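Peer 1: Per my numbering, the sequence shown starts with residue 44, numbered consecutively.
Bear in mind the hints are in silico, worked out from the structure with no lab data behind them.
Note that the structure is predicted; figures quoted are calculated from it, not measured.
Check each hint, because a few of them may be wrong.
Stated by the list, open to error - Result set (DSSO-like, lysine-lysine): computed pairs, CA atoms no more than 30 Å apart in a straight line:
| no. | residue 1 | residue 2 |
| --- | --- | --- |
| 1 | 81 | 601 |
| 2 | 525 | 861 |
| 3 | 142 | 106 |
| 4 | 592 | 103 |
| 5 | 243 | 264 |
| 6 | 86 | 609 |
| 7 | 702 | 659 |
| 8 | 592 | 525 |
| 9 | 562 | 880 |
| 10 | 106 | 160 |
| 11 | 409 | 425 |
| 12 | 296 | 524 |
| 13 | 641 | 202 |
| 14 | 854 | 56 |
| 15 | 556 | 425 |
| 16 | 556 | 264 |
| 17 | 161 | 524 |
| 18 | 663 | 731 |
| 19 | 60 | 161 |
| 20 | 702 | 740 |
| 21 | 503 | 264 |
| 22 | 409 | 60 |
To be verified - Ranges between beta-carbon positions, derived for each pair:
| no. | residue 1 | residue 2 | range |
| --- | --- | --- | --- |
| 23 | 812 | 65 | 57 to 65 Å |
| 24 | 625 | 742 | 40 to 48 Å |
| 25 | 676 | 749 | 45 to 53 Å |
Just so you know, even glycine gets a beta-carbon here, dropped at the ideal spot from N, CA and C.
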Amino acid sequence: MDVVVVESPAKAKTINKYLGSNYKVLASFGHVRDLPAKDGSVKPDEDFEMTWQVDTASNKRLKEIADALASSDGLILATDPDREGEAISWHVLEVLRRKKVLKDKRVSRVVFNAITKKAVLDAMDNPREIDSPLVEAYLARRALDYLVGFNLSPVLWRKLPGARSAGRVQSVALRLVCDREAEIERFVSEEYWQIAAEMKTPRGEDFTARLVSNEGKRLQKMSIRNGDDAGSIREMLEGASFRTDSVEAKPTKRNPSPPFTTSTLQQAASSKLGFNASRTMQVAQRLYEGIELGGETVGLITYMRTDGVQMAPEAIDAARAAIADQFGDRYRPEKPRFYSTKAKNAQEAHEAIRPTDFTRTPDQVKRYLDTDQARLYELVWKRGIASQMAPAEIERTTAEITATNGGRTAGLRATGSVIRFDGFIAAYTDAKEDGEQGDDGDDAGRLPEIRANEEQACEKVVPTQHFTEPPPRYSEATLIKKMEELGIGRPSTYAATLSTLQERDYVTVEKRKLIPGSKGRLVTAFLGNFFERYVEYDFTADLESKLDKISNGDLDWKEVLRDFWKDFTAHVEETKELRVSDVLDALNEDLAPLVFPKKEGEEGDPRTCPNCADGKLSLKLGKFGAFVGCSNYPECNFTRQLSPDSADTPEAKLSAEPKDLGRDPYTEEAITLRSGRFGPYVQRGEGKEAKRSSLPKEWSIDDIDHEKALALLSLPRDIGQHPETGNAISAGLGRYGPFVRHEKTYANLDGIDEVFSVGLNRAVTLIAEKQSKGGRGRGKPAALKELGEHPDGGDIAVRDGRYGPYVNWGKVNATLPKDKDPQSVTIEDALALITEKTGKSGGKKKTKAKSATAKKSSAKSTASKGTGAKGKTTAAKKSTAGKTSAAGSKSKTANTPAED
44 MDVVVVESPA KAKTINKYLG SNYKVLASFG HVRDLPAKDG SVKPDEDFEM
94 TWQVDTASNK RLKEIADALA SSDGLILATD PDREGEAISW HVLEVLRRKK
144 VLKDKRVSRV VFNAITKKAV LDAMDNPREI DSPLVEAYLA RRALDYLVGF
194 NLSPVLWRKL PGARSAGRVQ SVALRLVCDR EAEIERFVSE EYWQIAAEMK
244 TPRGEDFTAR LVSNEGKRLQ KMSIRNGDDA GSIREMLEGA SFRTDSVEAK
294 PTKRNPSPPF TTSTLQQAAS SKLGFNASRT MQVAQRLYEG IELGGETVGL
344 ITYMRTDGVQ MAPEAIDAAR AAIADQFGDR YRPEKPRFYS TKAKNAQEAH
394 EAIRPTDFTR TPDQVKRYLD TDQARLYELV WKRGIASQMA PAEIERTTAE
444 ITATNGGRTA GLRATGSVIR FDGFIAAYTD AKEDGEQGDD GDDAGRLPEI
494 RANEEQACEK VVPTQHFTEP PPRYSEATLI KKMEELGIGR PSTYAATLST
544 LQERDYVTVE KRKLIPGSKG RLVTAFLGNF FERYVEYDFT ADLESKLDKI
594 SNGDLDWKEV LRDFWKDFTA HVEETKELRV SDVLDALNED LAPLVFPKKE
644 GEEGDPRTCP NCADGKLSLK LGKFGAFVGC SNYPECNFTR QLSPDSADTP
694 EAKLSAEPKD LGRDPYTEEA ITLRSGRFGP YVQRGEGKEA KRSSLPKEWS
744 IDDIDHEKAL ALLSLPRDIG QHPETGNAIS AGLGRYGPFV RHEKTYANLD
794 GIDEVFSVGL NRAVTLIAEK QSKGGRGRGK PAALKELGEH PDGGDIAVRD
844 GRYGPYVNWG KVNATLPKDK DPQSVTIEDA LALITEKTGK SGGKKKTKAK
894 SATAKKSSAK STASKGTGAK GKTTAAKKST AGKTSAAGSK SKTANTPAED
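Go ahead and model the full structure; you've got the sequences and the hints to work with.
Peer 2: Right under this line is the structure:
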């Protein structure tokens, strides 16, 4: 018997069916080791030696594999066919060697691009060894990401409070988004006009012709700049005679696009299905790993992390056979089509993404799939089969018309096209579904019969006013496309990089557009000013190229690391001399449109303080990030949030000048409405002793009057004594909303109004209900979705909590990503999240069990060495730092601060 190691339990189950009882297939659950997220995991001074850590959950998996090997003949490593898959196989092999369980057993590596019986059995017949250059490329990439993240991020924390992290690819992707936003801010719209004429042939058929020249000069987009010029041309055309100079019908061909790569699949799924990159990869992973079709589990698409555009010869043959069968011989070209990629640094070691069987049409498999899976499979199938179909044959007709009025002339053009043979378009229900248009982008329909040297009648001249528009913000799809064009990142990193930017609040997504937040703009400006080289597009692309050369065996990975580290570490050292004032001066200059927006027509310096008039506004760095404040602080306490239009918000106006609401009837102190860095609040009195209360979320600034302000300042409100304990029950407004409190038990109220009206009986009931659920704790919410049993026992479910939906297994709760639909979570998704969660908190029980012994040992050691209080404090700080930087996720798509 042989032990086969794959990555996911779903894949293990399917492959075991294919291989039979002579094999035992086990899952590694993604990566089994990772670099601990703390200093020293990569040691440049020791020739980049790397320290790897196995988390608690992975230890169990590795023990299962080791135990199974004890009674087996050999080990077959069958992880995914990419750099990450090769690395996982290498990690498993390294751990098993250290455990000394391999002895003289056979070890081989197999790869398959699709999870079908034929693909798996063919792979078993063609084993190989671990690809060392591919592993070295992984090690170099992992070391680079770690070194950048764990050396650059602390610089950000010291010099730019509130910043979360920086990364080798993450920061460059963020720069693309921020640079586009800066382009939009600098953009000045310009007016231009276009003119069309509604025409009629002598046979009474309508068509439209557009003005293309005037007085013998060819018109460009911006040639007609104002309404006066457009009006003059209109008058001339309204009195002109029109004659057709020529009519040309030109046949053209439109060829299909190649099959999907990771990037183009993510782009198409975004534009056609509305999926973000993470969702696309999750659904594609499920289609790749296998779907049960009539009692048999089979992979429906090939491996979905690839930048190759070519299909295997047998797949091309199958596609051509399916084309002849489903569309007819005319739709199958005489020769197969072959494609090559245009992306920079593309690695074409893998096939494009295609169906594993072209005879499985979307209609046939639809009943076995959920909605998202069916839609994505249809996208892959259509693109795959269309890529081998005949071109569409299109006839494009162009009529050139001359308008004459006295001595003035103008040229107009009418165009139309008609599909003579649909070709590959037949694979699509909509001719535009493939996202392809003619060379000129003209999608006009058929023109009526227009004859050369024939007079045409002009029914109406229509000038239209236009304004140039700024470049559009990036969507996830267009950002991925741009990154691919520049050679930044790789197929396996795109989705993770975009998720990281959103999780760290560097960008937000609104109407599918990526908008950089103030944190993202600050980080990009800081890096652009003080680490310019490391966010340059060419530098990052060149580094990716070197990593590719390592994977091809053309470069030594340690040499690449040495070259990078020499310059990078020197640059980091230089920033230690940076003063915060230097940073602020650079950011004030770089982010002026964001920090000090100036309205159109507004005069004066936008940096003048609106409160004291003689102070200058500047960026300020606080514990929780950046804000705008006055240079005359503390005499002037004007502050406002950092955003393009925050200067005109009610909060900004209150920050400049608090609103007087009256006086307290008992203390005679002034009551004012103000706005601070954490939002609007009411205040009674002045100075450090002043009473303050934040506004509840349900109330707006406009709602606040003297009565409501008094009510807020009266909180917490004493309700009465608990009938059993005699202790006080109070009502108040806290971080999570209105509540009632008795001793250490808090119970939520339904709304802000209830905090002022709740009586003793209601409060006692709420307290009792809360205590019945475990004091401060809450009862386990009902399951949104039951997922099944964990391999170690116990049910897994998706539940909805105070902070959103999460995966629950026993006492382990793993929060779902923000963009993850709870109903779309699979058992594999859940296991990956649980593994990540337990990995981050691994070893807690063990630590508790040994705490008493550890304390005694520590006390003895301290006494024997004569360590003083200072030594204890230092040791405690080191311990805390270690805990704070606990190891990150072991899944392939997760990111620690050092990763992209």
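Peer 1: If a hint holds in the structure, say so; if it doesn't, say that too.
Peer 2: Hint-by-hint comparison with the structure:
Proximity of residue 81 to residue 601 is assessed by CA-CA distance (about 21 Å); at most 30 Å being required, the pair is judged to hold. Of the supplied pair hints, the one linking residue 525 and residue 861 holds, its CA atoms being roughly 25 Å apart against a limit of 30 Å. For a cut-off of 30 Å, the pair hint linking residue 142 to residue 106 stands: about 9 Å separates their Cα positions. Only pairs whose Cα atoms come within 30 Å are accepted, and residue 592 paired with residue 103 is rejected, the gap being roughly 36 Å.
A hinted pair counts as satisfied when its Cα atoms are at most 30 Å apart, and residue 243 with residue 264 qualifies at roughly 26 Å. Under the criterion of a C-alpha separation no larger than 30 Å, the hint pairing residue 86 with residue 609 is consistent with the structure, at around 13 Å. In summary, the hint linking residue 702 to residue 659 is supported, as the alpha carbons are separated by about 23 Å, within the 30 Å threshold. Between residue 592 and residue 525 the CA atoms are separated by roughly 22 Å; this keeps the pair inside 30 Å, and the hint holds.
For the suggested pair residue 562 and residue 880, the alpha carbons sit about 27 Å apart, so the restraint of at most 30 Å is met. For a cut-off of 30 Å, the pair hint linking residue 106 to residue 160 stands: about 28 Å separates their Cα positions. Taking the CA atoms of residue 409 and residue 425, the gap is about 14 Å. The hint holds against a cut of 30 Å. For a cut-off of 30 Å, the pair hint linking residue 296 to residue 524 stands: about 26 Å separates their Cα positions.
Distance check on the hinted pair: residue 641 and residue 202 sit about 27 Å apart at the alpha-carbon level, within 30 Å; holds. For the suggested pair residue 854 and residue 56, the alpha carbons sit about 27 Å apart, so the restraint of at most 30 Å is met. Of the supplied pair hints, the one linking residue 556 and residue 425 holds, its CA atoms being roughly 27 Å apart against a limit of 30 Å. Distance restraint check for residue 556 and residue 264: the Cα-Cα separation of roughly 27 Å lies within the 30 Å cut-off, and the hinted pair is therefore satisfied.
In summary, the hint linking residue 161 to residue 524 is not supported, as the alpha carbons are separated by about 34 Å, beyond the 30 Å threshold. Between residue 663 and residue 731, the direct Cα distance comes to roughly 22 Å. Compliance with the 30 Å bound is thereby established for this hinted pair. At most 30 Å may separate the alpha-carbon atoms for a hinted pair to count; residue 60 and residue 161 meet this at roughly 12 Å. Between residue 702 and residue 740 the CA atoms are separated by roughly 19 Å; this keeps the pair inside 30 Å, and the hint holds.
The suggested pairing of residue 503 with residue 264 holds, with an alpha-carbon distance near 21 Å, which does not exceed 30 Å. For the suggested pair residue 409 and residue 60, the alpha carbons sit about 23 Å apart, so the restraint of at most 30 Å is met. Between residue 812 and residue 65, the C-beta spacing of about 59 Å keeps the proposed range 57 to 65 Å intact. With their beta carbons about 42 Å apart, residue 625 and residue 742 fall inside the hinted range of 40 to 48 Å.
Residue 676 and residue 749 have their C-beta atoms about 30 Å apart, which leaves the hinted 45 to 53 Å range violated.
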